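> As a plain string of letters, each chain reads:
There are 2 protein chains.
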Amino acid sequence: MTLSRIELALEAAVGAAEGKGCPPELAKALRYAVFSGGARVRPRLCVAVAAACGDDRPGFADATAASVELLHCASLVHDDMPCFDNASLRRAKPTVHVMFGEPVAMLVGDGLIVLAFETIARAAVRCGATERLARVIKIVARGVGAPNGLVAGQAWESEPVIDVDRYHEAKTGALFVAATMAGAAAAGADPTPWRALGAHLGAAYQIADDLLDALSSSEDAGKPVGQDRAHDRPSAVHALGVDGALARLRAQIEAAVAAVPDCAGAEDLRDLVRLQAARLAPKSLARTAA
Amino acid sequence: MTLSRIELALEAAVGAAEGKGCPPELAKALRYAVFSGGARVRPRLCVAVAAACGDDRPGFADATAASVELLHCASLVHDDMPCFDNASLRRAKPTVHVMFGEPVAMLVGDGLIVLAFETIARAAVRCGATERLARVIKIVARGVGAPNGLVAGQAWESEPVIDVDRYHEAKTGALFVAATMAGAAAAGADPTPWRALGAHLGAAYQIADDLLDALSSSEDAGKPVGQDRAHDRPSAVHALGVDGALARLRAQIEAAVAAVPDCAGAEDLRDLVRLQAARLAPKSLARTAA
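These protein sequence lines map, in sequence, to chains A and B. With my numbering, you'll find the first sequence wraps up at 290, consecutive numbering, no jumps. With my numbering, you'll find the second sequence wraps up at 290, consecutive numbering, no jumps.
It is worth saying that the hints were derived from the structure and are not from the lab. In this text the structure is predicted, and so the values were computed from the model without any measurement. We put the beta carbon where it would ideally sit given N, CA and C, even for glycine. It is possible that part of the hints are untrue.
[As the list claims (entries may be wrong)] Chain A side only, calculated, beta carbon under 10 angstroms to chain B, not exhaustive: (1) Lys20; (2) Val144; (3) Val164; (4) Gly188; (5) Asp190; (6) Pro193; (7) Pro224; (8) Val225; (9) Gly226; (10) Gln227; (11) Arg229.
[Stated by the list, open to error] Here are the computed lysine to any residue pairs in the SDA-like style, where the Cα-Cα straight-line distance is at most 25 angstroms: (12) B:Lys20 with A:Asn86; (13) B:Lys28 with A:Lys28; (14) A:Lys28 with B:Arg195; (15) A:Lys93 with B:Ala196; (16) A:Lys93 with B:Pro160; (17) A:Lys28 with B:Ile162; (18) A:Lys93 with A:Glu159; (19) A:Lys28 with B:Val161; (20) B:Lys20 with A:Ala199; (21) A:Lys20 with B:Pro193; (22) B:Lys93 with A:Asn86; (23) B:Lys28 with A:Val161; (24) B:Lys20 with A:Lys93; (25) A:Lys20 with B:Lys28; (26) B:Lys20 with A:Lys28; (27) B:Lys20 with A:Val41; (28) B:Lys28 with A:Pro234; (29) A:Lys20 with B:Arg135; (30) A:Lys20 with B:Ile162; (31) A:Lys93 with B:Lys28; (32) B:Lys93 with A:Asp163; (33) B:Lys93 with A:Arg233; (34) B:Lys93 with A:Ser158; (35) B:Lys28 with A:Ala39; (36) A:Lys20 with B:Lys93; (37) A:Lys28 with B:Ala196; (38) A:Lys20 with B:Lys20.
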């Protein structure tokens, strides 16, 4: 149900971008980047928070969730390019630059960032939510821009001295925080109490990703593994060991459940967080992590 | 006067992005990309249109103009990278990727796109213009995204068959159209009558750029020249010859002057268009073009 809302909103957004006049290769590449089997973790979280807050403008919440996913997809396309991870596989398929070339991949990332903000603005008008627009855009922009969003997180990888906590908070946590806070703001609720839920889930997700990178086969992961060690990036597994990282993962998930603010849909949301959390650990560790 | 308004607005925007927590190299590179001697053609046009429309929310118009310039800067940074033009000079200085490396250059472009939309949203709240926010964001996004904005324009360079008119309209014209229309919308005016002015100025600017690329020395231009021929890109000079291109340039400028809609500041704006137009032709051709 939530997933079909998100897919429809993404379809509407990408459909507008690939409309009349679009260069055909760019249109194909935009679609390829967005519809390639992503789990839609962040937009589901965004819609779930909007639902917990009453969801009085569902179309605006859906567009907000779609924009968070478009920004996530943009970051994956750019992150896979040769000057970053030089990854040829993503979700078991060739990456965008492998399929369409580096120039188009660069433009797909740029275009998806623009499309994210355009999507929110269009929906605000369509859904009678223009008075919420500025707040949602500021939250989403903070999650992806500088000084503390996703772009800043990736930029830490190019610094001579890395601030590991800021790195993880910005690279992974910030977009989860944007997802929860923007979900609340899209539904007309105060976003501030929703920050902690996003932060804990982002931290959990980062640890799970470190475990996946360190322990999975490339086939399980659907992308190259061992990248943290190969690029000498900080990793919870290297810092804490596998057992330590698993303990940290469980603690963050418990903290996330506890961080759900009191609201009409709080219990449903806590159940959803527990359910999603069970899927976070790498398949080979599922029994240990459960 | 206009220029200092724009520089202050850009300073405020970049100042926010390089704030507490920003990776130091990213902060330096963001500033380098925005403050490196650009002529600020598009934001001046945006502010001039807002002024002609009454300029009742000057802070919002300034932020809108700054966002147009941030997006222009982002496109230059990405366009200069090795997978596009592989340019090592821009405005007679080393390009961002030469100074800071390709990963940081990619992130500077991404971060400036995000910052552009964040800047408009912040100013809308600060200046009491939230009811104009959706319209301005949609106009600006249309100028830079897909299907017909700057990103689409650059993507035409990767297509096996190029639609030359669409290519120029999207790559250069669209952001000029965004500048005029967003200037009007930021001042609370109907943006539609302002489209033609932007389109003609964008076309004039594109022809002037083709002339510059074909005829100037690299020193005059402050960037590598001969790029259109080197990359086999369409050019007014190749299509029409130098005299034909100059005639087309003059015709577009006359059309731009004639396209200024009736409004309180129309005469001032027409004078400004004429003044700016005189600077468009390459220095070596200034006497011929005048």
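> Would you list, in rising numerical order, the hints stated earlier that this structure does not obey?
3, 4, 5, 6, 7, 8, 9, 10, 11, 12, 13, 14, 15, 18, 22, 24, 25, 26, 27, 31, 32, 33, 35, 36, 37, 38
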